[in-house]
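K.L.:
Residue numbers (my numbering), protein chains in the order written: chain W, 726 to 1129; chain X, 726 to 1129.
Incorrect hints may have been included.
[Said to hold, decoys possible] Calculated lysine to aspartate or glutamate pairs in the EDC-like style (CA-CA distance at most 16 angstroms, straight line):
| # | chain 1 | residue 1 | chain 2 | residue 2 |
| --- | --- | --- | --- | --- |
| 1 | W | K842 | X | E959 |
| 2 | W | K890 | W | E919 |
| 3 | W | K788 | X | D1016 |
| 4 | X | K788 | W | D816 |
| 5 | X | K777 | W | D844 |
| 6 | X | K1043 | X | D1016 |
| 7 | W | K777 | X | D816 |
| 8 | X | K842 | W | D867 |
| 9 | W | K837 | W | D816 |
| 10 | X | K749 | X | E959 |
None of these hints come from the bench; they were simulated from the model.
There are 2 protein chains.
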Amino acid sequence: MGIVVQKYGGSSVVNAERIKVVAKRVVKAKSEGNSVVVVVSAVGDSTDNLLKMAYEITSSPPKRELDMLLATGEQMSVALLAMAIEALGYDAISFTGLQVGILTDAAHTKAKIIDIKSDRILSELKKGKIVIVAGFQGVTVDSDITTLGRGGSDTTAVALAAKLKADICEIYTDVEGVFTADPRIVENSRKIDEISYDEMLEMAATGAKVLQARSVEFGRNYGVCIHVRSSFSEKPGTLIKEADAIMEKAIISGVTHDINEAKITILGVPDRPGIAAKVFRNLADANVNVDLIIQNVSEKDYTDISFTVEKDDLTKAKSVVDKMVSELGARGSVRDERIAKISLVGAGMRTHSGVAADMFSALAENNINIGMISTSSIKISCVIDEKDVNLAVRALHEKFGLGK
Amino acid sequence: MGIVVQKYGGSSVVNAERIKVVAKRVVKAKSEGNSVVVVVSAVGDSTDNLLKMAYEITSSPPKRELDMLLATGEQMSVALLAMAIEALGYDAISFTGLQVGILTDAAHTKAKIIDIKSDRILSELKKGKIVIVAGFQGVTVDSDITTLGRGGSDTTAVALAAKLKADICEIYTDVEGVFTADPRIVENSRKIDEISYDEMLEMAATGAKVLQARSVEFGRNYGVCIHVRSSFSEKPGTLIKEADAIMEKAIISGVTHDINEAKITILGVPDRPGIAAKVFRNLADANVNVDLIIQNVSEKDYTDISFTVEKDDLTKAKSVVDKMVSELGARGSVRDERIAKISLVGAGMRTHSGVAADMFSALAENNINIGMISTSSIKISCVIDEKDVNLAVRALHEKFGLGK
């Protein structure tokens, strides 16, 4: 009998009616002969409400206590889902991250999973019970409650699937799978049936919201087959797995975009060894995640360094940079929030030349100016003006023939 | 340095403002040189909201999952209080019942504390931290979350005080202490400065709402000095402790009343050995708590058995009794919901005769009919018509000179 891990997000458990729908879906998998483990996020917007309560108390809540508070959200949803499943006549048992032994480091609010103790889950599965595990949360060796940060429940699900050697990890979401481009922008965008871990990683990293890069990475490292599918329909979604012979070999899998980044440029930096290291070390120390980095060729011993960060981190990043400007002997810094990153992702790129050229000309034909370019073996990203983003997505989707 | 355990109820942490007030009070005890352990109930009416969520899912939620759900209430309040204390510049750390190791039996929704592991609390106190513990909840040996039932947070506080050998267990509430009678009924009722465990137990058992009998029993068994006081004022409240020489030796400590009971009478029961045992065994098996029991002297080999139960249990109790009526060869049963129990409590009763006579005549002088009578060495209870309850409380308070 195989093990199926299912993960349901907050919008799937937003109220009693939706929880009952999820229960039916879970029970269906069980009645088909599977051992079923379910990972659930916090009920609807409960996390936001909890954060609001915390900030009414203090503007800087200690992170350990924030995790203690936030972890109640998933604890509620697992208990409620267990009740709904038992009401359908099936045995269910819910667990917090602490109870199930999802061991993490002590980096509160963004902890990383170190190990999972699977014995209690396996013993309950053996009894025929449906096991429900709180997503997003774990526990340190000292039994302090941690949370895993954004997309944490996806990571919980994939990590559990890896540990339990599950046949499949089903991620239920409000879209039908991974698309060749955002269906809200490109009308004839197509659902991708199968995609490799590497491509999915690049798509997630460049703006596809359906799954966090972190959980895909976990899946790749442990060979977990991930099925992203809709909680509203029975149709198959997108399978994320090791690239193999039968997998469709498109040159380009999809077009992604991201408007949540901002750009900072440090102007007139002396072109000496160690400068870049210093800049990005200081940003890392301030917990700022940097995405793209471009350093132009130097001109008269001075250069400009540009990089992108998440908009939420812009103020922090700018203040780190401004403190360094005189120390570095730079001329100053500028920021730009009205940027978008647009990317082409595809494993076929490796063996096809001319993709970059085609991409740049498609943008040029639409009068879209390119600010920064960054490439990997299966991805090309361009930073453009935010106002051009929809036009650019449609142009690239059309250019590479990704539609139905 | 002594250890102080403070307990705050749900109304003390109903919103951010109130939580900040509690934080100041906690910090004051700490700054006076004490090691401080705080027990907190769930925020305001959050328990009711959680129950509502559960009953939207199913009419009979499994008790294990109900405990899982309800335990989130206190987890929220301990985290929020820790944040408020840290915002005042003091180190605080919060714990759930599971984390602190409040070991209970597996009787979900009404578990009993078996033991408390105090090592983590003591090590945090040693670091100078204020330790905040979720009330009302514990954990089984299998790490399943339990709740302690009504008044559970008081019990948590007193049990912790016992385990930690605390100097005092302060129970903060919305009244100033224990009164000679309900101040809403008797205008000149007086706050009692000191009272013995036994008297407090009888007062709690006969209707004084300020503290659950269960926590007083715990206090008595382990010699924990309990201070019931107002969270709104600095004035001392009521000390509950071992009776000693300096304790005021009133004949009567107070008048209590309870309108939450109902009476069932089984009519025409054959007067044979074993009948009463059978009746009350069946009621116990149905989880009905019986308070007063009266069996009148038999008349022509038949007798009537009357007993009182909580109103909430009346329907269940009546159906248990009705099933037995023919088996017992009884004539039938009647129920009465419009009753009140009124009680006099006082350790001095032991050595003073005539208290019962005085009580009955005070009631008679006010034309109040007595339905049932039950006595212990330090208590006399009478069941009367519900409509007479306020009149009776005032008459007895006056008769025994309990006012200011």
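K.L.:
Holds or violated: K777 (chain X) with D844 (chain W), Cα cutoff 16 angstroms?
P.N.:
Violated: K777 (chain X) and D844 (chain W) sit about 33 angstroms apart, past 16 angstroms.
K.L.:
For the pair supplied as a hint, K842 (chain W) and E959 (chain X), is the alpha-carbon distance within the 16 angstroms limit?
P.N.:
It is violated: about 49 angstroms lies between the C-alpha atoms, which goes past 16 angstroms.
K.L.:
Going straight from one Cα to the other, do K777 (chain W) and D816 (chain X) come out at no more than 16 angstroms?
P.N.:
violated (22 angstroms)
K.L.:
Is the straight-line distance between the alpha-carbon of K788 (chain X) and that of D816 (chain W) 16 angstroms or less?
P.N.:
Distance of about 13 angstroms is within 16 angstroms: holds.
K.L.:
Sort out whether D1016 (chain X) lies within 16 angstroms of K788 (chain W), counting only the CA atoms.
P.N.:
violated (49 angstroms)
K.L.:
With the threshold set at 16 angstroms, check whether the alpha-carbon distance from K1043 (chain X) to D1016 (chain X) stays at or below it.
P.N.:
Judged against 16 angstroms, a Cα distance of about 15 angstroms means the pair holds.
K.L.:
Is K890 (chain W) within 16 angstroms of E919 (chain W), Cα to Cα?
P.N.:
Roughly 21 angstroms separates the two Cα atoms, so the pair is violated.
K.L.:
Take the C-alpha atoms of K837 (chain W) and D816 (chain W), compute the straight-line distance between them, and say whether it is at most 16 angstroms.
P.N.:
violated (31 angstroms)
K.L.:
Within a Cα-Cα threshold of 16 angstroms, do K842 (chain X) and D867 (chain W) meet the stated pairing?
P.N.:
This hinted pair holds, its Cα atoms lying about 14 angstroms apart.
K.L.:
Would you mind confirming whether the straight-line C-alpha gap from K749 (chain X) to E959 (chain X) stays at or under 16 angstroms?
P.N.:
Roughly 12 angstroms between the alpha carbons, so the hint for K749 (chain X) and E959 (chain X) holds.
The structure fails hints 1, 2, 3, 5, 7 and 9 (numbered hints given earlier, in ascending order).
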